[in-house]
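Please work from the sequences and hints to get the whole structure.
Mind the numbering: the sequence shown is residues 1 to 129 in our numbering, read in order.
Treat the hints loosely; a few may be bogus.
No more than 30 Å apart at the CA atoms, straight line, and that leaves these computed lysine-lysine pairs for DSSO-like [said to hold, decoys possible]:
no.: 1; residue 1: Lys115; residue 2: Lys30
no.: 2; residue 1: Lys63; residue 2: Lys30
no.: 3; residue 1: Lys115; residue 2: Lys63
Restraint ranges, calculated between C-beta atoms of paired labels, are given here [unchecked claim]:
no.: 4; residue 1: Glu45; residue 2: Ser108; range: 21 to 31 Å
no.: 5; residue 1: Phe35; residue 2: Asn101; range: 36 to 46 Å
no.: 6; residue 1: Pro62; residue 2: Asn101; range: 16 to 26 Å
By construction, these hints were calculated from the structure, which means they are not laboratory data. Ideal Cβ positions, reconstructed from N, Cα and C, are used throughout, including at glycine.
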Amino acid sequence: MNANNGIISQLSQYSVPVTIDRLEAVLEVKGITIFARIDQQAEAEKVELSLCPTQLLLFGNPKAGTSLMVAEPTIALDLPLKVLAWEATDGKVWVSYNDPNYLKQRFSLSDELVKNIAIIAPYRLKISG
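Given below as structure tokens:
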């Protein structure tokens, strides 16, 4: 994994759709609400443009998110949480998401509140095995 401008990217051994399927399944088991799944490649094709496979998953826990927004209303700009699965031009599939520590610093969150968004670490969600 590497962090770049508050974004963590992790290699996935699965295709973009399978990666998002796996993430979605684990989140649902954990009781996390899936708000949307956006196939950005399909949207690009609708306007006759080409894009490597790219899907965005929006998810969260309204109870956890509300406490974050009470503490810092502008965090709503980054909620619900998002995970992006994308295929690079070399065919490798990556999963990218906001580093919880970046959000902690950006919004001056307490350690206790950061726990509400720590679920986004895909390495915990077993995308690579």
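Here's how the hints hold up against the structure:
1. Lys115 / Lys30: Holds, at roughly 14 Å.
2. Lys63 / Lys30: OK: lysine 63 and lysine 30 at ~14 Å, within 30 Å.
3. Lys115 / Lys63: Distance of about 13 Å is within 30 Å: holds.
4. Glu45 / Ser108: 21 to 31 Å: About 41 Å separates the Cβ atoms of glutamate 45 and serine 108, which means 21 to 31 Å is violated.
5. Phe35 / Asn101: 36 to 46 Å: violated, 24 Å
6. Pro62 / Asn101: 16 to 26 Å: holds, 23 Å
This entry does not satisfy hints 4 and 5, going by the numbered hints stated previously.
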